[in-house]
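A.B. asks: Below are the chains, spelled out letter by letter.
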Amino acid sequence: MNVLGIETSCDETSAAVVRDGRDVRSNVVSSQIELHRAHGGVVPELAARAQLTAIIPVVEAALQLAEVGLEDIDAIAVTRGPGLAGSLLVGANFAKTVAYARSIPLVGVNHLEAHLYANWLSPPGDEPGEQPAFPMLALLVSGGHTELLLMTGHGRYEQLGRTLDDAAGEAFDKGARLLGLGYPGGPAIQQAAAGGDTAAFALPRAWLGDSHDFSFSGLKTALLREVEPYRLPDEDDEPEDDAPFRKHRPPRFAEGMPVADLAASFQEAIVDVLAVKTATAARTFETPQVVLAGGVAANRALRERLTGEIEATSGTMLRVPALSYCTDNAAMVAAAGYYALRRGAQSGWELDVSSRLPVGR
Amino acid sequence: MATPQIAPPVSETPLWLAAIDTSSDRAGVALYDGSMASVIAWNARRNHTVTTLGQLDHLLHLTGIELGALRAVAVATGPGSFSALRVGLSTAKGLSFSLGIPLLGVSTTGAIAAQLDWADRPVIAVMTAGRGRVVWSRYEDGALIEGPRNTTVVELREAAGDALVAGETDLLDGFDAVQLPAGGRVEQIARLGWARLLAGEQDDAALLEPVYAHGRRTEAVPA
Ligand SMILES: [Zn+2]
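Residue numbers (this note's numbering), protein chains in the order written: chain A, 1312 to 1672; chain B, 21 to 243.
Don't read these hints as lab results, they were simulated from the structure. Because the structure is a prediction, the values reported are computed rather than measured. Glycine is no exception: its CB is placed at the ideal position from the N, C-alpha and C atoms. A hint or two may mislead.
What the hints assert, rightly or not - Facing chain A, from chain B, some residues (calculated, C-beta under 10 Å):
hint	residue
1	Ser-110
2	Phe-117
3	Trp-138
4	Val-174
Said to hold, decoys possible - To give an idea of the chain A side of the interface with chain B (calculated C-beta under 7 Å), a few residues:
hint	residue
5	Thr-1364
6	Pro-1368
7	Phe-1405
8	Arg-1413
9	Ile-1415
10	Asp-1508
11	Ser-1665
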């Protein structure tokens, strides 16, 4: 069964063809990073505009790469939330109309659940490996999400914890902005932190007792306090341009600010909390498998730290999907859609999008 | 604007154009074959994603027209609510892509002005833009003279002069505004799209996007 997956929840437009839920025939991702860089973050209206002009070329490319036509597609899976409403609706309306015109099943997919299904995917040319084992503990970390999820079977999820304020990726973005390091923040902080002392600044960790929730807003405030003494006033002689969307102006700092130490300490504070709390949850729920998913999975310090913590925990092993399936992509949506269709799920033409959608709904 | 003179299709096979208008809460779908339009107009109340494809399906059923008989799709490109417009455009792009038929964008204010082709003076076609602002264009003898402009209602009042004002006139107390029938706008989207189709025109389905008529920066994203 060939499922066409479509993902437009934020600032990537993606389409993929996946056979039988695991075999990736194609996975095309068109990123808008360059578009949003000048604004220091994702501008929802600009993201929605770019989705609308990317959707046909991206779907066309996915079909072409998979060497199939629309007539070879048996069903369409599309992200219905959570995400930016204006971006989501482009994929949802396009997907439902194509499914309608082709008379094939349509299934709306929860983006958070789709991230977990990245673990079922095998890259083009590879034989699908061993099936992931249930129950599975997942740490999902990206610009939009920080969640600890327990997956006990297909379509069966439990949210153990989530961030109470900023997502981990959002914390990296805000930290990078405070340090004048640019967008996206994760790679910028990682690069700036190289050679820095992770213990140079005692930045706070929000452990939140026995809870599996996270909080990163205090960390951002603490970083601001360290940076403040070096901050120079903004130059306000620059004329305001008339463009409809505000340009981002990086802050200016006095010389001698220990950027590497600040970035390293900041990164360590985030990674520390994520790794330790995930390992604790793995022990509590005795899960044979722990998975790391989401764009922040690309962070080297997090991968290393989590590997160490999980190796020290007996009876469990860490599984990290290929990086291209960690960041937002449509192959994971197609995989989630395939298993949902097998359980009898199907969406009607009234399928709606939802900017806030908890896992399991 | 004079109704375009359209020759009947030469082809023996039935030729149908589907039109979609999600420029605002006043949404519509239409089917047109060059003679008589079938129209559904409804208050989408920001639920365009939930309702639009279902209404098109309903209209196809009502008229007994097969999806395979569609030869083109016309879509309103605004001005209007950016998000609502993108629902119609995504739907129209889906039809164009999956059926392999031409896509034709049609101006929403153009479709308002086309309903006033009897007017003996300039026509100003207005769409609301939220927060007390309006987007409007001026037409004379069916031709676009000015716009689209995003202004306050006061600025529109100053610019209007003796023009006939029509469209989303809810905000416009004190104007001698013309009331237009529900569904009139989408019918004109269909007719104007049809005229473009017979003239051999079509838009690039991948690149077609709404008219993004901005006011000042703070008004950049109409509700
Ligand atoms: Zn994501």
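A.B. asks: If a hint holds in the structure, say so; if it does not, say that too.
C.D. replies: Cross-check of the supplied hints:
1. Ser-110: 4 Å, holds
2. Phe-117: Since the shortest Cβ distance to chain A is 6 Å, the answer is holds.
3. Trp-138: This interface hint is violated because 36 Å lies over the 10 Å limit.
4. Val-174: 21 Å, violated
5. Thr-1364: 5 Å, holds
6. Pro-1368: Because about 5 Å separates Pro-1368 (chain A) from the closest Cβ in chain B, which is inside the 7 Å limit, the hint holds.
7. Phe-1405: 5 Å, holds
8. Arg-1413: For Arg-1413 (chain A), the interface hint holds, since the closest Cβ of chain B sits about 6 Å away, which is under 7 Å.
9. Ile-1415: Since chain B brings no Cβ nearer than about 10 Å to Ile-1415 (chain A), farther than 7 Å, the hint is violated.
10. Asp-1508: 42 Å, violated
11. Ser-1665: Given a least distance of 10 Å, the restraint on Ser-1665 (chain A) is violated.
Of the numbered hints listed earlier, those contradicted by the structure are 3, 4, 9, 10, 11.
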